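Visitor: The listed protein sequences correspond, in order, to chains A and B. Residue numbers for the first sequence follow my numbering, beginning at 761 and rising by one. Residue numbers for the second sequence follow my numbering, beginning at 778 and rising by one.
Source of the hints: derived by calculation from the structure; they are not laboratory data. Values in this document were obtained by computation on a predicted structure and should not be read as measured data. Any given hint could be a false lead.
Which residues of chain B face chain A? A partial, calculated answer using Cβ under 10 Å [unchecked claim]: (1) Gln783; (2) Val806; (3) Phe811; (4) Val884.
Don't be surprised by glycine CBs; every beta carbon is placed ideally from N, CA and C.
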Amino acid sequence: DTGVSQNPRHKITKRGQNVTFRCDPISEHNRLYWYRQTLGQGPEFLTYFQNEAQLEKSRLLSDRFSAERPKGSFSTLEIQRTEQGDSAMYLCASSPRRGGHGYTFGSGTRLTVV
Amino acid sequence: AQSVTQLDSQVPVFEEAPVELRCNYSSSVSVYLFWYVQYPNQGLQLLLKYLSGSTLVESINGFEAEFNKSQTSFHLRKPSVHISDTAEYFCAVSDRKETQGGSEKLVFGKGTKLTVNP
Numbered sequence: 761d762t763g764v765s766q767n768p769r770h771k772i773t774k775r776g777q778n779v780t781f782r783c784d785p786i787s788e789h790n791r792l793y794w795y796r797q798t799l800g801q802g803p804e805f806l807t808y809f810q811n812e813a814q815l816e817k818s819r820l821l822s823d824r825f826s827a828e829r830p831k832g833s834f835s836t837l838e839i840q841r842t843e844q845g846d847s848a849m850y851l852c853a854s855s856p857r858r859g860g861h862g863y864t865f866g867s868g869t870r871l872t873v874v
Numbered sequence: 778a779q780s781v782t783q784l785d786s787q788v789p790v791f792e793e794a795p796v797e798l799r800c801n802y803s804s805s806v807s808v809y810l811f812w813y814v815q816y817p818n819q820g821l822q823l824l825l826k827y828l829s830g831s832t833l834v835e836s837i838n839g840f841e842a843e844f845n846k847s848q849t850s851f852h853l854r855k856p857s858v859h860i861s862d863t864a865e866y867f868c869a870v871s872d873r874k875e876t877q878g879g880s881e882k883l884v885f886g887k888g889t890k891l892t893v894n895p
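One chain only, chain A, in its complex shape:
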């Protein structure tokens, strides 16, 4: 069990550029989540996958955001035409099953849009 891995740890990009983040969950976890955390706030839910199916998306996930989990293993989160308001920590988490077992979070990708 190597935990949840996120890459890159930090990303600085110019406004208008596209960025992509990767999350590798714990291998036996079929539930995968993306959250966004801005300064002074708690994490906010973005989207949820069960295996390869994206089953829930937050209204925070504008049409510039897209997430995939093509084979039910790793996941990517892409932001197109980045804006300064996208600057945040993007957190990935995974969970083995329902029942309130809690998540294992990755260390996050910190995005800075300049």
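Starting from the known structure of chain A, fit chain B onto it as the hints suggest.
Guide: Just chain B now, with coordinates in the frame of chain A:
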């Protein structure tokens, strides 16, 4: 919709003093309750959780939290804190509703920064 309120954004205490971090939630359905801790430059770690049964739950490092349904609270306590407890603490809820494909997504409070001074 669910919401979580952490009334104190910052709590400074001296080492070996007791501490209570407050958490109140609002939900129209039954919930699971969690406390997560975030140390500087690290990800979130699960500290403890309430699923069912005894309303008092404990962590391995001396923290405890009590679920109070009538007051919709889940306050976190420790009788004697250490310098190493300095971190940000997040209270979170997820619903118990059994729906197919249900995400059990977490709704977090804004966090409480605990600073333990020597």
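Visitor: Taking the hints in turn, state whether each one holds.
Guide: Verification of the supplied hints:
With 10 Å as the threshold, the beta carbon of Gln783(B) comes within range of chain A, its nearest partner Cβ sitting at about 8 Å, so the hint holds. Checking Val806(B) against chain A: minimum C-beta separation of about 13 Å lies over 10 Å; hint violated. Evaluation of the Phe811(B) hint against chain A yields a held restraint, the C-beta minimum of about 6 Å falling below 10 Å. Hint status for Val884(B): holds, given a least beta-carbon distance of 7 Å to chain A, under 10 Å.
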